[in-house]
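**Q** The whole structure should be built from the sequences, with the hints applied where relevant.
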Amino acid sequence: MTFEAVNNVDSLKLTHIITDTVNIIPDVKMIPTQNGQLTIRLGYEPIFLEGDILAVVTDVKPHPKSTLPASFKLEQNYPNPFNPETVIEYQLPHASDVEISIFNLQGQRLMTLVRAYQAAGTYNIIWNGMDESGRAVASGVYLYQLKADDFIAMKKLMLLR
236 MTFEAVNNVD SLKLTHIITD TVNIIPDVKM IPTQNGQLTI RLGYEPIFLE GDILAVVTDV
296 KPHPKSTLPA SFKLEQNYPN PFNPETVIEY QLPHASDVEI SIFNLQGQRL MTLVRAYQAA
356 GTYNIIWNGM DESGRAVASG VYLYQLKADD FIAMKKLMLL R
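To convert a position in the sequence shown, counted from 1, into our numbering, add 235.
Accuracy of the hints is not assured; some may be wrong.
Stated by the list, open to error - Restricting the straight-line Cα-Cα distance to at most 20 Å, the calculated cross-link-like pairs of lysine to aspartate or glutamate (EDC-like) are:
{"id": "1", "residue 1": "390", "residue 2": "334"}
{"id": "2", "residue 1": "382", "residue 2": "332"}
{"id": "3", "residue 1": "308", "residue 2": "332"}
{"id": "4", "residue 1": "390", "residue 2": "310"}
{"id": "5", "residue 1": "382", "residue 2": "324"}
{"id": "6", "residue 1": "391", "residue 2": "320"}
{"id": "7", "residue 1": "308", "residue 2": "384"}
{"id": "8", "residue 1": "391", "residue 2": "366"}
{"id": "9", "residue 1": "382", "residue 2": "366"}
{"id": "10", "residue 1": "391", "residue 2": "310"}
{"id": "11", "residue 1": "308", "residue 2": "385"}
{"id": "12", "residue 1": "382", "residue 2": "334"}
{"id": "13", "residue 1": "390", "residue 2": "320"}
{"id": "14", "residue 1": "382", "residue 2": "367"}
{"id": "15", "residue 1": "390", "residue 2": "366"}
{"id": "16", "residue 1": "308", "residue 2": "334"}
{"id": "17", "residue 1": "391", "residue 2": "367"}
{"id": "18", "residue 1": "391", "residue 2": "334"}
{"id": "19", "residue 1": "382", "residue 2": "310"}
{"id": "20", "residue 1": "308", "residue 2": "324"}
Calculated from the structure, these hints are not laboratory results. A quick note: this is a predicted structure, and the numbers were derived from the prediction, not measured.
**A** Now the structure itself:
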């Protein structure tokens, strides 16, 4: 099986034989094409699978709907105030393009923690108080934002060095 990761600049081809059991979440975007190619979207970039693709279903279990969140939600980070790192938890009721970013009070984006297509569920991400360049930000109040589909939420957090 050949995996091809494609972007606007160039492409990279990798060959890998899959021998493991794979769990498929129904919300994962898998798009079959008529030319025998399968496209799986991971984050913002697709992965194309070509060749003989064989799927053997050996065990089907219903997805426990009760464990999925009922709505989008951005939780308050913990600990807050924090030093040296904090946990940001969020919930997705269905698969979505997700972006989690940290901003200063002037509205400048300091760090993007998540930019990916994610399945429904509850997620945690850790922010270590660094900006995109790997520099430690100063003590102070910052904002963190969740964007998922049409949902946008923002909360404050405080870093004490």
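**Q** Against which earlier hints does the structure fall short, listed by number upward?
**A** none
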